[in-house]
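S.K.: Spelled out, the chains give:
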Amino acid sequence: MEQSWIIRFLRWFCPPHLLEEIEGDLLQKFERDIKLFGERKAKRRLLCNTLRFFRPGILLRNKFSIEHNRATMYKSYFKIMMRNMLRQKFYSAITMLGLTVGITFALLIGIFIWGELQVNTDLKEIDRLYLMETNYKTDEGNQPPFFVPALLGQAAIEQYPTLFEKYYRFRDRGITVSKDDHHVRLQSMIGDSTFFDMFGFRVLHGDPQNALNKPNTIVITEKIARQFFDRSDVTGESLTVNTEVNGLKEHVITAVIADVQEKNSVTDFMNSDAQVFLPQESRVDFNLGFQDEWNTSIITYLKLTEGTFPGEAAATLNKILQKDAPQDISSDKTIVLNPLSNYYLLTNHGAVQKLIISLSVIVAFILLLAITNFVNISIASSFSRLKEVGVRKVIGGVKRQVLIQFLSESLLLAIVSGTLSLLLYEILHHYFAEVLGVSLPSLLEMDLLFWWYFLMGIVVIGLLAGLYPSFYLSSTGTIESLKGKFNSVRGTLRFSRGLVGFQFLVAVFILVTSVVMSRQISYFMEADLGYDKSQVLIVSSLPRIWTEEGMNKMEIAKREFLTSPRINSVSLSWGSPNFNFEPYKANINHAGQPVEKGILTSMSSADEAYVDVYGLKLLDGKFFFDEGEPFQANRLVLNESAQKVLGIHVGDKLDIQFSDQPFTVAGIVKDFHFESMHEKIKPVAFLHNRDFQAYRYFSFKLNPGSLEQSVQEVEQLWKDIFPNDPFVYAFTDDRLAITYQTELQLRKATTVASVLILIIVLTGVLGLVSLSVAKRNKEIGIRKVLGATVSNILLLISREYAFLMIIAFALSIPVNYFFISQWLSGFAYHMEVSGWMFIVPILALFCITIIMVCAQSFKTAISDPVKSLKHE
Amino acid sequence: MSDFFNKLYTNPYISLTKHIEMNKEYLGEFEELVLTMVGILQEEAYGNAIVNEIKDRVGRTCNLSAVHVTLYRLEDKGYVKSSMGGSTNARGGRRKRIFTITNAGLAMLKAMKEQQMQLWKLIPQLKIVGN
Amino acid sequence: MAKEYLGEFEELVLTLVAALREDAYGAAIAEEIETRMKREVNLSAVHVTLYRLEDKGFLKSSMGGGTNERGGRRKRIYIITNAGLAMLKVMKEARVNLWKLVPQLKMG
Chain Y
14 MEQSWIIRFL
24 RWFCPPHLLE
34 EIEGDLLQKF
44 ERDIKLFGER
54 KAKRRLLCNT
64 LRFFRPGILL
74 RNKFSIEHNR
84 ATMYKSYFKI
94 MMRNMLRQKF
104 YSAITMLGLT
114 VGITFALLIG
124 IFIWGELQVN
134 TDLKEIDRLY
144 LMETNYKTDE
154 GNQPPFFVPA
164 LLGQAAIEQY
174 PTLFEKYYRF
184 RDRGITVSKD
194 DHHVRLQSMI
204 GDSTFFDMFG
214 FRVLHGDPQN
224 ALNKPNTIVI
234 TEKIARQFFD
244 RSDVTGESLT
254 VNTEVNGLKE
264 HVITAVIADV
274 QEKNSVTDFM
284 NSDAQVFLPQ
294 ESRVDFNLGF
304 QDEWNTSIIT
314 YLKLTEGTFP
324 GEAAATLNKI
334 LQKDAPQDIS
344 SDKTIVLNPL
354 SNYYLLTNHG
364 AVQKLIISLS
374 VIVAFILLLA
384 ITNFVNISIA
394 SSFSRLKEVG
404 VRKVIGGVKR
414 QVLIQFLSES
424 LLLAIVSGTL
434 SLLLYEILHH
444 YFAEVLGVSL
454 PSLLEMDLLF
464 WWYFLMGIVV
474 IGLLAGLYPS
484 FYLSSTGTIE
494 SLKGKFNSVR
504 GTLRFSRGLV
514 GFQFLVAVFI
524 LVTSVVMSRQ
534 ISYFMEADLG
544 YDKSQVLIVS
554 SLPRIWTEEG
564 MNKMEIAKRE
574 FLTSPRINSV
584 SLSWGSPNFN
594 FEPYKANINH
604 AGQPVEKGIL
614 TSMSSADEAY
624 VDVYGLKLLD
634 GKFFFDEGEP
644 FQANRLVLNE
654 SAQKVLGIHV
664 GDKLDIQFSD
674 QPFTVAGIVK
684 DFHFESMHEK
694 IKPVAFLHNR
704 DFQAYRYFSF
714 KLNPGSLEQS
724 VQEVEQLWKD
734 IFPNDPFVYA
744 FTDDRLAITY
754 QTELQLRKAT
764 TVASVLILII
774 VLTGVLGLVS
784 LSVAKRNKEI
794 GIRKVLGATV
804 SNILLLISRE
814 YAFLMIIAFA
824 LSIPVNYFFI
834 SQWLSGFAYH
844 MEVSGWMFIV
854 PILALFCITI
864 IMVCAQSFKT
874 AISDPVKSLK
884 HE
Chain W
2 MSDFFNKLYT
12 NPYISLTKHI
22 EMNKEYLGEF
32 EELVLTMVGI
42 LQEEAYGNAI
52 VNEIKDRVGR
62 TCNLSAVHVT
72 LYRLEDKGYV
82 KSSMGGSTNA
92 RGGRRKRIFT
102 ITNAGLAMLK
112 AMKEQQMQLW
122 KLIPQLKIVG
132 N
Chain X
123 MAKEYLGEFE
133 ELVLTLVAAL
143 REDAYGAAIA
153 EEIETRMKRE
163 VNLSAVHVTL
173 YRLEDKGFLK
183 SSMGGGTNER
193 GGRRKRIYII
203 TNAGLAMLKV
213 MKEARVNLWK
223 LVPQLKMG
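First to last, the sequence lines map onto chains Y, W and X.
Per the working numbering, the very first residue in the first sequence carries number 14; after that it's consecutive.
Per the working numbering, the very first residue in the second sequence carries number 2; after that it's consecutive.
Per the working numbering, the very first residue in the third sequence carries number 123; after that it's consecutive.
Quick caveat, the hints were computed from the structure, so don't treat them as lab data.
Nothing false has been slipped in among the hints.
Under the rule of at most 25 Å between Cα atoms (straight-line distance), these lysine-lysine pairs were calculated in the DSS-like manner: (1) 56/W to 222/X; (2) 211/X to 122/W; (3) 114/W to 82/W; (4) 48/Y to 160/X; (5) 211/X to 114/W; (6) 128/W to 182/X; (7) 160/X to 111/W; (8) 56/W to 88/Y; (9) 56/W to 92/Y; (10) 122/W to 160/X; (11) 222/X to 111/W; (12) 222/X to 114/W; (13) 211/X to 111/W; (14) 160/X to 42/Y; (15) 211/X to 56/W; (16) 56/W to 102/Y.
To give a feel for the contact side, a few chain X residues facing chain W, derived at Cβ under 7 Å: (17) 137; (18) 140; (19) 141; (20) 161; (21) 207; (22) 220; (23) 224.
We put the beta carbon where it would ideally sit given N, CA and C, even for glycine.
Please work from the sequences and hints to get the whole structure.
M.R.: So this is what it looks like as C-alpha cells:
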C-alpha cells in the first residue's frame, strides 16, 4: 500500500505492546473511511489520526502499568493538594507567613552561629594548639592571665620534646607604619619566627623559613600590601616603622601572607586585628625586655605532639616552672592550657557561647510557634474538608489517602516557605548584619553541608507540622459514624486551645524578658558611670617617646591644642576609664607596713588635666596638683574604694609594690566604673605620667558644638604638631558599645525576635478566629435572631481567648520572674525589676489580641442573620 | 468531484450536513452543568447563585468569571435568556442579570438526558439505580 | 460531575465499554460515539482514555481476535470491572438527582 510510510511512521514511535491494536484500529477506520469519503480523503484522515497518536498518553505508556498507576496517583494527589491550598488561600497564606518568618529568622541566626563556630577553623592542626594561661594563687594577679613567664615555652620543648612540638610567643604593640607620606596606625605582633609553621597562615610571597629571623624585617598581610603599594608581591620593599626607643627605622618586607580569618585567636587575639608582624629582635626598639628570661612576661602558644593529653602537658609545665624558675616567679602561680579550638567561644566568661545558646533557644521557640499555628489552623479548617472527603465511596484506602494528602500538603508548605525564606535571607542579610554588628555571608558562599542541613530541616519541619493533623484527620470517626465525631471533636478542641495557650505563654515570656534585657542594657549605657563620657575624643596614634624629652614635647603639644576654642581641655594618659585602663596591678599599703599585706590596686597613669577631661569628682585634695602648678613627683590619687579599705587621708604616705620610693596621697576621687558593670568597683590608683614614664593617649574634651567640625579642627592641629603620625581617633561613648558588644547584640536579637513572635502569634490567632467564626455562622445567626446584640456576639467570641490568655499569663509570671532574677544577678550593678515590666507587655498583648479578635468577627457579627440562616 | 458529492448524499450511513449541524449543538460538560443549574434555580438564576448552587450540590468550586462566560455563551446559542432583575442594598444598588432557560434550552437538556438514558439502558447492571 | 469523579469523556467511554459488552475496543467505541452522539471524536483520544481507565482500575483488557479488515491484527478488548460499574452507578445517581430538580424534565 502506498500509505505504508504512514504505517512505518507509526511503527517507529508506537510502543510495541500497543502497536497491534492501534494499527488494527487505524486500518479498520481507514477501510470504512474509504467507503464514506473516498480514498484520497480517507488517506488524509489516516494520516491525521496516526499523527494524533503521537502523544504522551501513548508514548509514555509502558508495560509496567503499576508504575504508571502510581504516577497517576501522585499526579492526582498533587492536583488535589494544589487545589486545596489555593482554595484556602487565606489560611495557607497565614501559615506560610508564620513559617517563612520563622525559617528566615532561623537562617539568619543559624548562619550567624555557624560563622561564630567557624572562627579559628583555618588554623593548622588546631586541636593540638593551646594558649598558656596563668592562674594566680591569690584572687587576682598583677597582670592579665594570658601573660606567662617567657622561658617556659622554650624550656618545655627542650626538656620534653615528646610532649611539646613547637611554641610561638609574642607581645602586641600599636605602631605607626609609613611609606613616604602615607602613615597608618596598625597593630603589630612582635614574636618568634615559628609564626608561619605553627599556625599554617598562607604565605603568598616570600620564604616563611627565613622571614622573621633577622632584625629590621617585617611581615605584612595582603591588605596592608595593597594599602601601601597597590599590589601584593612586595617582598624586598621597605616600610618605615616609628619605634619607641630608636626612632624611625626602615624594615624590609620579607613575606606577605593572605588575609587572615576574622576573630581568630592568634592575629585577632583580644580584638587586636594585627596586620603586621615583627621578629623578636624588634623588642629592643620597643621598651620590651629580653625575651629569654623568666622575668619577662609574654603571650605563649604551644603545639602539643600528637596524642598528648593537655592535662599531662599542663602538669609537666608546672613541674618545669617549679623546678627551673626563680622562687618569686613560680611561687604564686600555676599554668593552665586553654585549647584554641573553643577559645573564642569560652573567653570572656563564655560570652559567645552564652549568646549562641540564647539565640538557639529563641529560634527554636519561634519555629515551634510557627508550627503550632499550622497545626491549629489545619485542624480547624479540617472540619469543612471532612464533608468533601466523607462523600468518597469509590476507592478504598481512604484513611491512608487522607494521611498522605495531609503530610504532602504540609511538606509542600514547608518547601514553599523554605524557598521564600531563602529569597528573604538573600535580600535581608546585609541589613541584619549591620543591625547585629556582624557579617553574614550570602547564600552563594555556603557549602554543600549547609544545603544538606537546610533540606533536612525543612523536611523535619514539614513532617512535624503535618503529623498531628494527618493522624487526627485520617483516623477520625467522621467517616464511619457521626457519634464518634463528637468525642474526638471535644478532645481536639482542648488540644487546640492548649496549643494557643502555649503560644501566648511563650510570647509573653519572650516579650517580658526582652523588655527587661533592654532596660538593663540601657541602664548600663546611661547609668552614672562616675565620669562624663560625652564629647570626649581619644587619639591613640601619638608617638610614644617615653623619655624626659618626649614628656616635654607632649606638654608643648598640649598647650598648642588648648589654643583652639573648640577644645575645652586636654589630658595625656595611659588609658581612658572605659578602655585599656590599667597596665598592671600592684599591692599598696601604708608606708612602713609590709606591702604584701596591702590591697591589690589597679594602677593607671594620667596627668593633672585628666580630672577635667573626664569630669571625675574630687572628694578630697587635688588631682596631683592644680593645672599650671609645677610638677611634684611621687604623688598618688586614689579612688573611694581604695580609701575605704586602707583608711587613707590626703597627705598619707604609701608604699607601692615594685616601687622603691614612697608616694604621697594627693587626692581622693569618687568611684567610677572602669570595668564592665558586671563587676564591683575595685580600688584604683593614679600615678602621674612623669612618674610612670609612659603614656598612650590624648583625651580631648570638646566644647559643645558640631562634633564633625571639632574633629576636623583637632585633626588639623594634629597634622601640624605631629606631621609624621596618623590621626586615629575614637569617641569614648562609642568605645563603651564595644565593651558591651555581646549584650547589645543580644538585645537587638531579642527585640527582633519579639516582633517576629508577635507577628506569628497574632496571625495565628487571626486565622483561628476567622475559621471558628465561619464555622459558627449559623449559631451566630440564631443568637442574633434571639436578640443578641453585636457587642454580645463579640464578647462571646473574645471570651474564649481572654480566658486562655489569663491562664497563660498567670502561669508565665513566676517562671519569668525566676529566669530574669537569675540573669540579672550576673551583674554586679543592675536595675530593680519593677512591676510595670510585667504589666505593660501583658496588658498590651491582651488588648491587641482582643481588638484583633473583635475586628475579625465584626463582619459576621453585624451581618444579617436571615442571610446566614438561609444560606444553609 | 461531483461524483464524490453524490456518493455522500446518498450514503445511508451518515449525512454529512446533519453531521455538521449536530456538532454545533453539542454542549460541553460545564455548559451542560450551568444550563442545568439555570433550570433548577428558576427565578433566582444569576452568577453568584449558580456558583453557590454548584458548590452545594456537586461540591465543585467554580470561578465566577467562568460561570458568567458560560452563561453568555449559552445565551448566544439561544438556550437561556436574560433580563435585569431587582437591586438590593447588599450589592450597592447594582441590579442582577437574571437568566431563565428557554424552550430550546429545555429541549437540549431533554435531548441530552434522553441520550444518556439510552446509553444506560444498554447496561443491565445500572437498571436499579436512580429510579 | 464533581471533581472526585470521572471527566465527562472518561465517563462516556466507560459507559460505552459497558454497553458494548464483548465488542468494546478502540475503533468500535470511537464509531459508536460518532453515530450515537453525532460527535467528532479522535481515535487516539479514545485509546488514551481507555488506557487511563484501565490504570485507574475501572477496566480490564485482553487481546481478542483479528479480522480481515484489520489485516489479521488482533484487537484489545476491554471489559468493565466492578469498580468501574460502581463508579457508573454513583455518577448516574448524581445526575439523576440533579435532573429531578428541574421540573420541566419530569418524564421517565
